[in-house]
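Novice: Protein chains in written order, with my numbering: chain S, 1 to 436; chain X, 1001 to 1436.
Don't take every hint at face value.
If you want a taste of the chain S side facing chain X, the calculated C-beta under 7 Å gives, among others [claimed, not checked]:
hint	residue
1	Ala115
2	Asp177
3	Pro181
4	Arg209
5	Gly213
6	Asp371
If you anchor each label on the Cβ, the simulated ranges turn out as follows [unchecked claim]:
hint	chain 1	residue 1	chain 2	residue 2	range
7	X	Arg1384	S	Pro181	24 to 32 Å
8	S	Asp180	X	Asp1431	25 to 33 Å
9	X	Ser1366	S	Ser92	22 to 30 Å
10	X	Arg1384	S	Asp170	20 to 28 Å
11	S	Gly154	X	Pro1181	39 to 47 Å
12	S	Phe212	X	Asp1264	29 to 37 Å
13	S	Ala152	X	Phe1212	41 to 49 Å
14	X	Ser1397	S	Thr83	57 to 65 Å
15	X	Ala1161	S	Lys405	24 to 32 Å
16	S	Gly117	X	Glu1317	34 to 42 Å
17	X	Pro1181	S	Glu336	17 to 25 Å
Hints listed in this document are in silico derivations from the structure and should not be mistaken for laboratory results. Note that CB positions come from ideal geometry on N, CA and C, so glycine has one too.
Number of protein chains: 2
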Amino acid sequence: MTEDVRVTAENSSSRLSRRGFLAVAGAGGALAATGAVAVAARANNASAEASPAEQAYPFYGAHQAGITTPAQDHLHFAAFDLTTDSRARLISLLQAWTIAAAQMTQGQEAGQAGAFGGAYDAPPDDTGEAAGLPPSGLTITIGFGSSLFTTADGQDRFGLASQRPGALVDIPHFPADDLDPARSGGDLCVQACAHDPQVAVHAIRNLSRIAFGTAAIRWSQLGFGRTSSTSASQQTPRNMFGFKDGTANVKAEDTDVDSQVWVDPAEGPAWMTGGSYLVARRIQMTIETWDRTSLREQEAIIGRDKRAGAPLSGGTEFDEPDFNAKGRGNEPLVAETSHVRLAHPSSHQGVKMLRRGYNFTDGNDSLGRLDAGLFFLAYQQDPRTSFIPVQTALARSDALNEYIKHVGSALFAVPPGAADNRDFIGAALFDLGTAQ
Amino acid sequence: MTEDVRVTAENSSSRLSRRGFLAVAGAGGALAATGAVAVAARANNASAEASPAEQAYPFYGAHQAGITTPAQDHLHFAAFDLTTDSRARLISLLQAWTIAAAQMTQGQEAGQAGAFGGAYDAPPDDTGEAAGLPPSGLTITIGFGSSLFTTADGQDRFGLASQRPGALVDIPHFPADDLDPARSGGDLCVQACAHDPQVAVHAIRNLSRIAFGTAAIRWSQLGFGRTSSTSASQQTPRNMFGFKDGTANVKAEDTDVDSQVWVDPAEGPAWMTGGSYLVARRIQMTIETWDRTSLREQEAIIGRDKRAGAPLSGGTEFDEPDFNAKGRGNEPLVAETSHVRLAHPSSHQGVKMLRRGYNFTDGNDSLGRLDAGLFFLAYQQDPRTSFIPVQTALARSDALNEYIKHVGSALFAVPPGAADNRDFIGAALFDLGTAQ
């Protein structure tokens, strides 16, 4: 719902079958295998011939996968609340999640014994519904909510209050926000993206199972939709308003990632170097009302032509809007209250976000209206200078507000990637380095 | 959740792009185009090289598509209640749905002008979110609930009471049923299946939009999962319990379709010749409890090996279970209360259903448990001799009952297909033949 940057094809993918991985692993243990995977992945990337189902993205690296990775077709996102006050158990959870996530993203099952091995009189290590399915481009991305550091009543639950990043603010209340606490916030988050929803759901389910007794799902969201355009031959996807969404996103060659997405090391904290901040907003669309609006009004509200996605100032989809162009009665061709104008980087000192949102449809209400909309996900260097000012402008004036409602909101600090299988996501937060 | 028949590859598919269709349509109008599509589809079927996205199944024919059509990856199912008492408006709705469904299944937009044409000061004919997407194997299947014929208080709303089929019974209450009226019943249903969820959602949304003022969605369900095994090289898909589901289903060569799926013309009513009966059940799985059960117990409950799907009496996945085989202590290898035994055709005079179910995950409850399970869809000749006796046996004794809960239920009479674009789904019910 904003005009910003979506970066693709930075993470490399590999044509690596589960069998191939296991063969590699057999040659030299888990750590060697991990390195081999990463190397193989990068070497293979040049050919870029892996089918979506065959794609396996490296889990270990400087950044977590699932941020600049080309957006997959399906999402299962879950926010968790910790049900423990034990710092040690929190650390153990992150270690266990790291190991399971590393395995599942390579098409393996969670746990040592998997879905069918181990003791016959014990529950299997893996729930099994993804057994036999290929990696399907699965990425698993883990983040930390502000309540992990400081609770609403100021309590320092895990001795982490001093580590809370300045950028991990409490998002202000915007006009017309209609937030449901049961769809907002969360101590931890996991974003699972894959080309097969069964693979994404399996990942969240097994991480939730691993968390049993330590953390429980607070809210979750499934999403679908071709929300990324990862090659020039692919069309820009459409949102539930029928408009192309993400036209202004930059592709693989983008040079803004360091300045717009990854945390500035000079800004700190040190444990967030290589990380990013994720804003998640559940934006409900009143599609039945929108569908009764004229094509003229729809285009005026968005500021773009519906068919081609071109700005109303003229040109084609990928031309920059000309906000100074005037039409009949000296009115601007791209209206002052249009979504494209209010959200455009040029209206916000060039600020861009890396968007990874998904369309959703979750049943219907008692009047038969579909519960549909956009699950907005955006990664950014600092929400204080990107999402918050952009949303402030949108919430105040966007003509689209008549047709949308923000019902869920969360902000997460997404730490850097784990270096290898002796590391874990968030280790630096606990001053543990790669120990354990 | 039952052992029955799933038929695949009976409907032919074509490698027909939207452009190809339009070229054909341009040559001789809509009707000629429709015929050409069907012919082209069948001619191309031999090569069977269409990618899932490119598949376009013929809409017109003796049977509705979406029954014996190889199951697609994604489902959006909606039950509608009529908000009118006008028989004429009901007929108009079915005519409009038929036309829109015929178009959308061929990758076209709903309505004459589509998403971008028509009057600029009027709402577009199509909501647009599937514009530019290929047909994606979309099928749209329409059915009639018993309340269309006779309301609970015996009212004949549309003068159709005398046409109510004997097989369109009120499904009895089964032990442990925990049905939510808001997830059960409905005057009409639409099953939209596609390889892309955005295409399936678009279909339901546009049919709902067409129904505005005449009918409104009562409940709806999205589903996913590789629930069909359409070729010998494809693995049998797994349900959310991690078990292979549908092993006993028969593939394309099945000879039981006439006796098990399509209505017996001798049985009547005449307007249902070429039709079938669809049972829909929302079966919630308490996956967290299941996941804490030992592998041994899971397999005993199902009656199959989890990894391979072989019956516990031995052999491989596709071997018939030997219910007489005994093991230690002279106990049957396939337990008396196992799901496979209770649901097996041999326990029910050979009765089989054609299953088209999907896995679902719809968020979570307040305890953090995922709302996940199986949306059971089964087509049959007569539910009085298939679903009802099978479910009676399962509800009474199935060891699986500890882990599942039926929360939604509906039965629909699914009429035959429309012959061509002068016909409409359900026309014979109104004694209108192919007239208007």
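Novice: Taking the hints in turn, state whether each one holds.
Specialist: Consistency of the hints with the structure:
The restraint placing Ala115 of chain S at the interface with chain X holds, with a minimum CB-CB distance near 6 Å, inside the 7 Å limit. Restraint check, Asp177 of chain S versus chain X: the minimum CB separation of about 20 Å is more than 7 Å; hint violated. Because the smallest distance between the Cβ of Pro181 of chain S and any Cβ of chain X comes to about 11 Å, over 7 Å, the interface hint for this residue is violated. A distance limit of 7 Å between C-beta atoms decides the matter here; for Arg209 of chain S the minimum to chain X is near 5 Å, and the interface restraint holds.
Interface hint status for Gly213 of chain S: violated, as the beta-carbon distance to the closest one in chain X is roughly 11 Å, over 7 Å. Interface hint status for Asp371 of chain S: violated, as the beta-carbon distance to the closest one in chain X is roughly 9 Å, over 7 Å. Evaluation of the 24 to 32 Å hint for Arg1384 of chain X and Pro181 of chain S yields a failure: the beta carbon distance comes to about 48 Å. Against the hinted window of 25 to 33 Å, the Cβ-Cβ separation of Asp180 of chain S and Asp1431 of chain X comes to about 50 Å, which falls outside the hint.
Look at Ser1366 of chain X against Ser92 of chain S: about 25 Å separates their beta carbons, and that is inside 22 to 30 Å. A C-beta distance of roughly 60 Å is found between Arg1384 of chain X and Asp170 of chain S, which places it outside the suggested range of 20 to 28 Å. A beta carbon spacing of about 46 Å between Gly154 of chain S and Pro1181 of chain X agrees with the range 39 to 47 Å that was offered as a hint. For Phe212 of chain S and Asp1264 of chain X, the hinted distance range of 29 to 37 Å is not satisfied, since their beta carbons lie about 51 Å from each other.
Against the hinted window of 41 to 49 Å, the Cβ-Cβ separation of Ala152 of chain S and Phe1212 of chain X comes to about 43 Å, which satisfies the hint. Taking the beta carbon of each, Ser1397 of chain X and Thr83 of chain S are about 37 Å apart, not inside 57 to 65 Å as hinted. Taken as a hint, the range 24 to 32 Å is violated for the pair Ala1161 of chain X and Lys405 of chain S, whose Cβ atoms sit roughly 43 Å apart. In this structure the supplied range 34 to 42 Å is violated for Gly117 of chain S paired with Glu1317 of chain X, their Cβ-Cβ distance being about 19 Å.
At about 48 Å, the CB distance of Pro1181 of chain X to Glu336 of chain S disagrees with the hint of 17 to 25 Å.
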